[in-house]
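Visitor: This is what each chain is made of:
There are 2 protein chains.
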Amino acid sequence: MFLVKIYVQLKKDILDAQGKATKKALESLGFEGVQDVRIGKEIRILLDGRDISEVSEKVRQMCDKLLINPVMEDYDFKIMEVEK
Amino acid sequence: MFLVKIYVQLKKDILDAQGKATKKALESLGFEGVQDVRIGKEIRILLDGRDISEVSEKVRQMCDKLLINPVMEDYDFKIMEVEK
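Just so you know, the sequences run in chain order B and C.
What the first sequence shows, in this note's numbering, is residues 1304 to 1387, in sequence order.
What the second sequence shows, in this note's numbering, is residues 1304 to 1387, in sequence order.
It cannot be assumed that every hint is accurate.
Identical chains blur together in the list; that is why a pair holds if it fits in one copy or across any two.
[As the list claims (entries may be wrong)] Once the Cα atoms are required to be at most 16 Å apart in a straight line, the calculated EDC-like pairs of lysine to aspartate or glutamate come out as:
#: 1; residue 1: Lys1308; residue 2: Asp1339
#: 2; residue 1: Lys1327; residue 2: Glu1376
#: 3; residue 1: Lys1344; residue 2: Glu1376
#: 4; residue 1: Lys1315; residue 2: Asp1379
#: 5; residue 1: Lys1308; residue 2: Asp1379
#: 6; residue 1: Lys1323; residue 2: Glu1345
#: 7; residue 1: Lys1314; residue 2: Glu1386
#: 8; residue 1: Lys1326; residue 2: Glu1345
#: 9; residue 1: Lys1327; residue 2: Glu1384
Since the hints were made in silico from the structure, they are not lab data.
Just chain B, with the same shape it has in the complex (with noise of 0.2 Å):
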C-alpha cells in the first residue's frame, strides 16, 4: 500500500484572500518578520498498488480529473510505501 501526499497551491499570481488574511491576525497578535502567507491544501490518500511508477500515473489522473484545478492552483506529491 501506499501513501500519498499531495501538496496544492494558489497559483502564484492569484490572490490568496486566506493567507492575507492569517498574515493581518499574525501581525495583530505581534508577531514581527512575517514577510508571506500562502494557505494550500495537504490531501493525503492511502492507495493500493503495484509499484511507485503506477501509483504515481494514477495520482496524476486523479489530480488532472478532480483534485486540481489547473487554471487556479499548482500542485505535487510525494509517495511513500507503508504497511498494509
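With chain B fixed as given, assemble chain C onto it according to the hints.
Guide: Frame of chain B; chain C shown alone:
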C-alpha cells in the same frame, strides 16, 4: 529569511467529511484501491529570523495562538533557510 511549511490535519478520530466525499468522488470516477482520503492544510510562511531555533519557537507560538485548533487538529512543520 526562512520558509516555514506547516502541515495541519484533523486528528485521527475526527470525521473528515471533505476527505470522505473526495474518496467517493474518486471511486465514482472509476479509481480503484482508494483506502482513505484525508484533507488537511499546508500553510507556507516566509519569515525573518536569526536562526532555525528562534524561528521554530516563533512558529510554535503562531500555531498555539492562531493557526491550529488543538482540540481538532494535529500539526507538524519544517523550516528551510531561503535567499532574501
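Visitor: All hints are to be evaluated individually against the structure, with a verdict given for each.
Guide: Here is what the structure says about each hint:
Taking the shortest alpha-carbon separations for lysine 1308 and aspartate 1339, only the inter-copy value of 12 Å comes in at or below 16 Å, while the best intra-copy value is 23 Å. For the homomeric pair lysine 1327 and glutamate 1376, neither the shortest alpha-carbon distance inside one copy (23 Å) nor that between copies (22 Å) is at most 16 Å. Proximity of lysine 1344 and glutamate 1376 under a CA criterion of 16 Å is satisfied in both settings, with 10 Å inside one chain copy and 14 Å between copies. For the identical chains of this complex, lysine 1315 and aspartate 1379 are intra-copy neighbours only, at 14 Å inside a copy versus 24 Å across copies, given an alpha-carbon limit of 16 Å.
In this assembly of identical chains, the alpha carbons of lysine 1308 and aspartate 1379 lie at most 16 Å apart whether taken from the same copy (9 Å) or from different copies (14 Å). With identical chains, the CA atoms of lysine 1323 and glutamate 1345 are at most 16 Å apart between copies only, with a shortest distance of 15 Å across copies and 19 Å within one. Proximity of lysine 1314 to glutamate 1386 under the C-alpha cut-off of 16 Å is found in neither arrangement, the shortest distances being 34 Å within a copy and 20 Å between copies. In this assembly of identical chains, lysine 1326 and glutamate 1345 lie within 16 Å of each other by CA distance solely across copies; the values are 15 Å between and 20 Å within a copy.
Taking the closest pair of Cα atoms, lysine 1327 and glutamate 1384 never come within 16 Å of each other, the shortest separation being 39 Å inside a single copy and 23 Å across copies.
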